[in-house]
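Asker: Generate coordinates for the entire structure from the input sequences, incorporating the hints supplied.
Just so you know, the protein sequences line up as chains A and B, in that order.
In this text, residue positions in the first sequence follow the working numbering: the first is 1, and each later residue adds one.
In this text, residue positions in the second sequence follow the working numbering: the first is 1, and each later residue adds one.
Each statement offered as a hint is correct.
Quick list of in silico lysine-lysine cross-link-like pairs, DSS-like style, CA-CA up to 27 Å:
hint : chain 1 : residue 1 : chain 2 : residue 2
1    : B       : K46       : A       : K540
2    : B       : K38       : A       : K546
3    : A       : K578      : A       : K369
4    : A       : K600      : A       : K369
5    : A       : K610      : A       : K591
6    : B       : K193      : B       : K22
7    : A       : K375      : A       : K464
8    : A       : K265      : A       : K419
9    : B       : K224      : B       : K45
10   : B       : K38       : A       : K540
11   : A       : K540      : B       : K224
12   : A       : K324      : A       : K489
13   : A       : K540      : A       : K375
14   : A       : K578      : A       : K589
15   : A       : K594      : A       : K578
16   : B       : K45       : A       : K546
17   : A       : K540      : B       : K45
18   : A       : K154      : A       : K624
19   : A       : K588      : A       : K564
20   : A       : K546      : B       : K46
Some chain A residues close to chain B (C-beta under 10 Å, calculated; not the full set):
hint : residue
21   : C392
22   : A527
23   : A532
24   : R539
25   : M565
26   : Y567
If you are wondering where the hints come from, they were derived from the structure by calculation, not from laboratory data.
Yeah, the Cβ is synthetic: ideal placement off N, Cα and C, and Gly gets one too.
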Amino acid sequence: MQIITAFILTIFLTILLVPFISVRWKGMVTVAAVVILAALSSVIAVEAMSGKQIEYFFHGSLVTKEIPVRVDALSGFFILMINFTFLTGAFYGLQYMKAYRNQKANLALHCISYILVQASLISICSLQNTIVFLIAWEIMALSSFMLIIFEHNKRDTLNAGINFLIQSHICIMFLMLGFIWVALKMNSFDFRAITAYSTSNSLLTGFALFFCFFIAFAIKSGFVPFHTWLPYAHPAAPSHVSGVMSGVIIKIGIYGILRMLLLIKSDYLVTGYVILFISLLTGIYGVMLAIIQHNLKRLLAYHSIENIGIIGMGIGLGCIGIGKGNNALIVLGFAGALLHTLNHSLFKSLLFYGAGNVYQATHTMDIEKLGGMGKPMSHTAFLFLIASLAICGLPPFNGFISEFLIYNGMFTSLHSSDKALLSWIVCSLFGLALIGGLAMLCFTKAFGSVFLGTVRHHFHHTPKEVVIGKLIPMYAVLLLIIGIGLFPKVLITSFSKSVSLFTGSDLSSSHLPAGDALSMIGRCAAAFILLAGVVYFIRKRMTVNKPVEFSSTWGCGYVGSTEKMQYTASSFIRAYRKLAEPLLSIYKKKKEIKGVFPGKGQQETHPYDKTEEWLIDRPLQLLKGFFNRLTFLQNGNLQFYILYGIVFITLVLGVPFAIEYFKTLFQFLNKL
Amino acid sequence: MISFILIILTSLFFGGIIIRTKSIASGRKGPGILQPVKDVIRLLKKGAVFSRTTSFIFQIAPSIYFASVIMAIMVVPLGEYKGIISFEGDFVFFAYVLGVGKFFNIIAALDTGSSFEGMGASREALFSMFAEPAFFILMGSLALLTGHSSFQEIFASLHFGSYISYILGVLATFVLVMITMVENSRMPIDDPKTHLELTMVHEVMILDNSGFDLGMILYVINLKFAMYGALIANLFMGTFPLYLTISIFFGMQLLFAIAIGLLESFTARFRMNHNAQYILALSSVSLLIFLGVLLILGQFS
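Answerer: Structure representation (structure tokens):
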């Protein structure tokens with residue numbers, strides 16, 4: 001109880017303090033507050049992770065009734081993850097925001113919003129009263145909106161922010177719908193009422209209720225087709241915010257889905273199939289669009305969608321496991337999903353921090369303009385490389401572990417002979433393998449064209465490596481990425497309690513499915529690193545006395561400057577673009593070179609999102625068309641507006657009156 | 001352990017047999033079987049020329065590429081004899097560790113800032129991406145058929161019985177052979193003997209490598225051939241005594257090498273822009289195998 005009081009006091013004190021101190025101290029105080037909040041909540045979370053269910057009750061008000069605060073292993077896992085990413089984000093942001101010191105008021109607002117987002121995310125994980133949950137959710141949505149629109153003098157940023165705001169309120173609308181539904185039927189705001197309601201009603205009701213919540217959380221986490229806000233919001237926000245947003249804020253949607261799976265008892269098999277289908281779609285669609293992006297941060301944003309798809313696949317498999325009563329599948333599915341959630345929060349935040357470094361050095365995110373950043377910014381390049389390898393799911397890093405668990409889940413479920421399930425599994429195998437391959441294409445493009453080759457564009461300032469303050473949080477993330485890759489078993493055992501919430505029975509570490517495989521992978525990862533080191537060492541020793549020459553790149557005999565001739569990102573993916581063109585919408589502008597004395601040729605491609613075109617733009621256009629027909633009402637004549645007022649008042653008063661009148665009339669006629 | 005040694009041994013003369021077959025097919029005498037290895041050894045002793053554009057990636061990439069293939073070879077079993085590494089789902093590790101090598105190979109090509117090497121890198125990334133699903137569906141089908149999920153267990157319990165399973169064996173061999181050709185960038189996907197940069201895939205990626213690095217990269221091709229050959233040989237091994245297993249292994253490798261030599265002598269390279277569709281079609285062959293497995297398991301009755 002004291003911890004919660006301290007937690008709330010810290011939030012209020014910092015919010016009151018930040019606006020009134022000098023710009024130099026604002027950042028420091030915010031970081032200190034983030035550290036304190038993280039420490040306080042981690043104490044509870046660690047306790048919960050060991051399997052203890054922690055429960056407090058606040059009295060609440062007449063409206064909210066009693067407010068339960070429950071922290072179980074699942075909440076604990078998410079709280080720890082949120083805290084880590086917010087810590088690195090805060091330390092990174094402290095250095096990142098130094099460039100904006102002259103915007104004093106704006107910075108104060110930014111700091112406050114950052115703390116509020118962290119606090120509200122932690123509250124969302126632990127509050128179990130529907131009304132208070134919604135309030136926390138709203139605070140989270142509004143303060144993340146504030147974080148996104150930090151550079152609000154740019155039109156694009158503001159547009160992205162408003163897009164986010166609208167879509168997050170659609171999400172809240174669905175949440176409210178679900179909560180009101182339960183509250184009406186059960187007359188209680190406690191989350192336990194949801195369980196009670198779904199167990200006492202038919203499976204179909206539970207299913208409908210779950211999907212009401214699923215849509216809400218899917219908007220937050222960016223499942224296709226609810227993802228359209230995401231590729232705008234991530235590039236618009238400052239880099240540490242993008243990292244935190246992609247790392248943990250969208251993951252609160254995953255938390256919501258998992259929580260609802262625990263609360264709502266419905267037909268798990270059908271739910272699993274639906275989630276698996278949507279996730280497969282999300283994964284493939286996300287990475288397909290990521291490849292064709294020209295903006296580095298937008299590319300990373302689409303990759304978040306892909307990774308959400310992989311997480312969803314794990315959840316879907318786990319649900320199918322519950323439906324089939326297959327314990328190994330439940331563990332592999334949910335452990336894979338949870339681990340990938342954690343992994344993604346690590347490497348994606350690292351990638352965004354890396355992108356932030358590049359942005360502050362060059363002031364552009366256009367991949368076609370960047371190039372050769374690896375030489376002046378070797379630390380950033382190294383960190384970005386490791387994160388790219390990890391996000392492609394390659395060993396010896398952490399991404400491989402979670403993808404391996406999901407693969408293993410699929411192979412485990414192959415043993416149950418059921419035609420429907422088998423064909424689903426083969427589709428998912430195909431999908432997951434394809435996602436892996438596409439991710440590799442995408443990240444070789446991103447890393448290769450940003451950090452390698454020669455500079456494609458001349459910048460006003462020569463890019464140079466960032467200050468050490470930015471690199472320290474990045475290396476901290478890197479340590480975890482490598483650590484998870486080398487010791488996967490330790491990590492999986494540490495959150496076995498969270499997974500065992502889904503299996504219903506306790507899960508001992510010796511009984512973990514794929515446990516032997518995991519410890520083997522850890523050893524193989526170490527062996528791989530060692531082997532690569534040994535091969536490199538031998539190469540070094542063998543070539544130490546050999547003549548080494550430095551010359552220009554082979555260009556069929558041409559030795560002039562090749563910066564304009566080197567392969568660009570667009571041409572790197574051209575073959576892919578040609579293949580995928582029917583499925584995507586890419587707008588091209590082309591001016592061909594013609595004639596004996598040709599002028600300038602030109603080609604532009606603008607990737608766009610087909611889902612957005614069909615689900616957002618078209619309906620909006622139709623709606624606009626419909627409302628345009630009503631413009632005659634708005635004719636600028638004061639007399640007409642007064643008339644509308646009178647008509648409105650007459651209708652409001654008259655309609656009930658008329659209904660009442662007709663009722664008596666009918667009754668009278670009936671009596672006759 | 002035994003499979004590792006055998007694969008390394010095979011790799012010494014695999015490339016030589018291919019070249020010899022091709023020479024004989026075109027009416028020449030051809031070099032000795034060990035010539036490719038001698039070439040590699042000569043390269044290992046040489047100095048190197050590096051491009052001024054390159055960074056540390058270009059220095060470390062060949063070593064990592066080499067290490068990744070060695071790592072993958074460690075996973076391959078020999079019939080019922082385990083590889084050095086063996087665990088449930090080890091073929092996922094096999095595919096992904098090869099992916100690491102590919103990743104480094106591609107970014108090393110991009111590191112040179114060349115106008116050609118990106119082209120090869122782009123093609124390699126695209127082609128291997130399309131080959132991956134075929135491999136996973138194939139392994140998934142075999143896992144379903146045998147009820148196991150590690151290389152050694154699958155191959156040890158893979159018995160051919162009914163007519164359908166013989167067809168499956170043929171199809172699986174076809175898929176594996178094609179994956180080998182894609183992964184090694186050989187005919188009919190890519191022609192290693194072409195002299196035009198614009199039509200190369202793998203060769204153009206390593207234009208700027210020289211000396212020790214080039215030696216490693218060239219030797220990796222032999223290693224990869226022997227590795228996939230071992231996988232194909234495993235399909236037909238079952239549980240024989242060791243001396244028989246080893247002779248089957250070498251017989252299959254020899255047959256595989258000659259087959260590749262003949263394939264390269266008598267087929268033309270596909271049109272580059274149709275390659276991707278063609279490779280994706282491999283996945284549908286894998287799906288056929290999957291359907292065959294379902295037939296065997298009686299899922300349709």
